[in-house]
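*Asks:* Chains as they are written, first to last, in our numbering: chain L, 30 to 541; chain U, 4 to 196.
Treat the hints as calculated values from the structure; they're not laboratory data.
This structure is a prediction, so every number in the text was calculated from the model and none was measured.
Some hints could be false.
To be verified - Below are the DSSO-like pairs computed for lysine-lysine, each with C-alpha atoms no more than 27 Å apart in a straight line: (1) U:K106 <-> L:K312; (2) U:K106 <-> U:K192; (3) U:K28 <-> U:K83; (4) U:K83 <-> L:K312; (5) U:K106 <-> L:K292; (6) L:K292 <-> L:K312; (7) L:K472 <-> U:K103; (8) U:K83 <-> L:K292; (9) U:K83 <-> U:K103; (10) L:K472 <-> L:K312; (11) L:K498 <-> L:K531; (12) L:K312 <-> U:K103; (13) U:K103 <-> L:K292; (14) U:K192 <-> U:K103.
Claimed, not checked - One side of the interface only, derived from the structure: several residues of chain U facing chain L at Cβ under 8 Å: (15) M60; (16) G94; (17) Y98; (18) Y99; (19) H101; (20) S122; (21) M123; (22) G174; (23) R175.
The beta-carbon is built from N, C-alpha and C at its ideal position, and this holds for glycine as well.
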Amino acid sequence: MSITIFVPRDAAALAVGADAVATAIVREAAARGIDITIKRNGSRGMFWLEPLVEVQTEAGRVAYGPVQASDVAALFDAEFQRGQIHPLSHGLTESLPWLARQQRLSFARIGVTDPLLLDDYRAHGGGEGLARALAIAPADIVQQVLDSGLRGRGGAAFPTGIKWRTVHDAPGPQKYIVCNADEGDSGSYSDRMVMEGDPFMLIEGMTIAGLAVGATQGYIYVRSEYPHAIAALEAAIGTARDAGWLGPDVLGSGRAFDLAVRKGAGSYVCGEETALLESLEGKRGIVRAKPPLPALQGLFGEPTVVNNVITLAAVPLILARGAAFYANYGQGRSRGTLPIQLAGNIRHGGLIELAFGVTLRELLFDWGGGSASGRPVKAVQVGGPLGAYVPESQWDLPLDYEAYAAVGAVLGHGGIVVHDDTADMARLARYAMEFCAVESCGKCTPCRIGSTRGVEVIDRLRTGEQRDKQASLLRDLCATMVDGSLCAMGGMTPFPVLSALKHYPQDFGLSA
Amino acid sequence: MQAVQEPGQGGREVRLASPGELREKLRSLVPPPLDPAVAEAVNAAIATWRHEPGGLMPLLHAVQDALGYVPPEALPVIAKALSLSRAEVHGVVSYYHHFKSSKPAAHRLELCRAEACQSMGADALLAHAETRLGCSLHGRSADGQVELEPVYCLGLCASAPSLMLDGQPQGRVTPERFDALLAEARAAKGAAA
Chain L
30 MSITIFVPRD AAALAVGADA VATAIVREAA ARGIDITIKR NGSRGMFWLE PLVEVQTEAG
90 RVAYGPVQAS DVAALFDAEF QRGQIHPLSH GLTESLPWLA RQQRLSFARI GVTDPLLLDD
150 YRAHGGGEGL ARALAIAPAD IVQQVLDSGL RGRGGAAFPT GIKWRTVHDA PGPQKYIVCN
210 ADEGDSGSYS DRMVMEGDPF MLIEGMTIAG LAVGATQGYI YVRSEYPHAI AALEAAIGTA
270 RDAGWLGPDV LGSGRAFDLA VRKGAGSYVC GEETALLESL EGKRGIVRAK PPLPALQGLF
330 GEPTVVNNVI TLAAVPLILA RGAAFYANYG QGRSRGTLPI QLAGNIRHGG LIELAFGVTL
390 RELLFDWGGG SASGRPVKAV QVGGPLGAYV PESQWDLPLD YEAYAAVGAV LGHGGIVVHD
450 DTADMARLAR YAMEFCAVES CGKCTPCRIG STRGVEVIDR LRTGEQRDKQ ASLLRDLCAT
510 MVDGSLCAMG GMTPFPVLSA LKHYPQDFGL SA
Chain U
4 MQAVQEPGQG GREVRLASPG ELREKLRSLV PPPLDPAVAE AVNAAIATWR HEPGGLMPLL
64 HAVQDALGYV PPEALPVIAK ALSLSRAEVH GVVSYYHHFK SSKPAAHRLE LCRAEACQSM
124 GADALLAHAE TRLGCSLHGR SADGQVELEP VYCLGLCASA PSLMLDGQPQ GRVTPERFDA
184 LLAEARAAKG AAA
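Produce the entire structure from the sequences given, and follow the hints as far as they go.
*Replies:* Structural data, given as structure tokens:
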């Protein structure tokens, strides 16, 4: 009988040689006359072990990693195809504490299944949410999402059910579902993993959204930096259409919903929902003033749901298992789970899906194992390039939207970037302003001009020119940007800058 | 040719163009026909996307995917097909970092400059790349074969530092791996040519 060997197709596995490993395994097996089948799964999210090769045995899947093509012959010598011990083996994948301690709801299938096989998807619970949605009234779908407590996982944390209800109630001849897959935050890759590792889940979530609000067309706006995600989505949409999941008659219900992928073009600000809509309309990605809300006048002026990948990906499970099941996870007003992405200078970086409430200290040390360099962890940026640097005194706060907001920080999209003690926080603050200057859409003055002035002020601070004056000038400039910018680009760039200045004044040459 | 005596100009002659010269001048304002390869790519992209709502972005992607850049001389053609002004099309092309207006080098190397990669030595990797290629960010290597560009996140933040070489993401890039990847890419292109 053929032995199944899993080699991930996730971009992070391909980026460290997964294709060469798969080729080497096929070649070596053929040379030895061993009957194997290679299955290309998503990533389990343990990136320090990628390429993580798994072998199907009677006891379960056995993990080997990180495997390079040059290790393959030795793995066969050790009979890894029968799950035998080798220096690279880690035992049963499912028993690895790093995975076993997680609460994987949205990521339950990722790394397990072949992401492009619809049968695999269905065999692992896929499609149950859509079946349930087709059996109930649109208003009841909206109510389920509302009751689940799901909030926008893109960063703004707006209650998804309220957004959907607004679009459901809005009159319009053509409504749209837009998936924001312009995941530009450094330290974030959960959207990418979903698109590459379980694209049918996103398709199902968007279809349910379409049924709920009466939209018949959806767009997935993916950044051009994600070529593998785009390819996976295109393939999955084609399969879903052929199988009748998408099209004029969704699963024989008589109701229409179809999807198209649109590629971004390297603009960070297009992750802001109104700039994204402009870009989808074929224009420069310039931020729109709100109101009108996109829910009322969104894409092409029509009522539009704009949700992040992770938000939409949570929907099939909420429908399949019920709102109460999902709301049972989490704490306070942060319900459900958050796919946390541990990144940067960390020994064991990767995707950790947990209910809200875990602390940064647990993530950094119990999961992450400390810094990759072995040096002390100095600063942790939570929530992407617009998120605050969180100092050690705040590492025991629970990850929860409100708890973070209370200290002037944000959870954002759940990306966590770790810096060791070699990090120069003044330099990172300068980078935040520089990034804003490069990426500002230019519509509002505080962001367009403020970011350039910010770089200049920080440069003067760093060279020691009238330090106290420059520091107060920087604070004043940041206040203008926070209060006067049209969107989060200019409005939140001060978060990393001010938190660096506040918690690491010595890096700016100021006394603590 | 007519010559008119301007009054009060000290008898200086002001030359006006003859009708023939004017026609010639107007003709020179009409852009020359597109290079056949460019015309083919542009027309194919227009045929696919002109009636699609918001079709300009995918149209430009199609042109760039085919040619490696969006030739400036193609903009009036695209504008006309989509009933847009040339300024609108130019505005879109120039707004997005991804779209290029000149012919690309044989290899495109994008180094991630974002925070997660910085925490793992992206600055040192950039310095290495600049030395190896003999150019700085936004420049081309001394032999003109490689263009070096910044990119802000490839989603490989737990495998930092990362880069994209000829459209392929690469993670955990040490200076040694950088050299190997570059040599491999150059060899592949050499073999193909």
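*Asks:* Now look at each hint and say whether the structure bears it out.
*Replies:* Hints and how they fare:
1. The straight-line distance between the Cα atoms of U:K106 and L:K312 is roughly 23 Å, inside the 27 Å bound, and the hint therefore holds.
2. Proximity of U:K106 to U:K192 is assessed by CA-CA distance (about 17 Å); at most 27 Å being required, the pair is judged to hold.
3. Simply put, U:K28 and U:K83 have alpha-carbon atoms about 23 Å apart, close enough for the 27 Å limit, and the pair holds.
4. A threshold of 27 Å between alpha carbons decides the hint, and for U:K83 with L:K312 the separation of about 16 Å falls inside it, so the pair holds.
5. Taken as a hint, the U:K106 and L:K292 pair is honoured in the structure, with Cα atoms around 21 Å apart against an allowance of 27 Å.
6. Under the criterion of a C-alpha separation no larger than 27 Å, the hint pairing L:K292 with L:K312 is consistent with the structure, at around 13 Å.
7. The suggested pairing of L:K472 with U:K103 holds, with an alpha-carbon distance near 23 Å, which does not exceed 27 Å.
8. About 23 Å separates the Cα atoms of U:K83 and L:K292, which keeps this hinted pair within 27 Å; it holds.
9. About 20 Å separates the Cα atoms of U:K83 and U:K103, which keeps this hinted pair within 27 Å; it holds.
10. A threshold of 27 Å between alpha carbons decides the hint, and for L:K472 with L:K312 the separation of about 14 Å falls inside it, so the pair holds.
11. For the hint linking L:K498 to L:K531, the alpha-carbon distance of about 15 Å falls within 27 Å, and the restraint holds.
12. Restraint check: the Cα-Cα separation between L:K312 and U:K103 comes to about 17 Å, which is no more than 27 Å; the hinted pair holds.
13. For the hint pairing U:K103 with L:K292, the CA-to-CA distance comes to about 15 Å; that is within 27 Å, so the pair holds.
14. Proximity of U:K192 to U:K103 is assessed by CA-CA distance (about 21 Å); at most 27 Å being required, the pair is judged to hold.
15. Evaluation of the U:M60 hint against chain L yields a held restraint, the C-beta minimum of about 5 Å falling below 8 Å.
16. About 5 Å separates the beta-carbon of U:G94 from the nearest beta-carbon of chain L, less than 8 Å, and the hint is met.
17. Residue-level restraint check for U:Y98 holds (minimum Cβ-Cβ distance to chain L is 4 Å; threshold 8 Å).
18. Hint on U:Y99 holds. Least Cβ distance to chain L is approximately 3 Å, under the 8 Å limit.
19. Of the supplied interface hints, the one on U:H101 holds, with its beta-carbon coming within about 4 Å of a beta-carbon of chain L, less than 8 Å.
20. Interface hint at U:S122: satisfied, since its Cβ lies 4 Å from the closest Cβ of chain L, which is below the 8 Å cut-off.
21. At about 6 Å, the closest approach between the beta carbon of U:M123 and any beta carbon in chain L falls short of 8 Å, and the interface hint on this residue holds.
22. The beta carbon of U:G174 is positioned within 8 Å of a beta carbon in chain L (closest approach about 4 Å), and the interface hint is therefore held.
23. With a least beta-carbon distance of about 6 Å to chain L, the hint placing U:R175 at the interface is held under the 8 Å criterion.
In summary, this structure violates none of the numbered hints.
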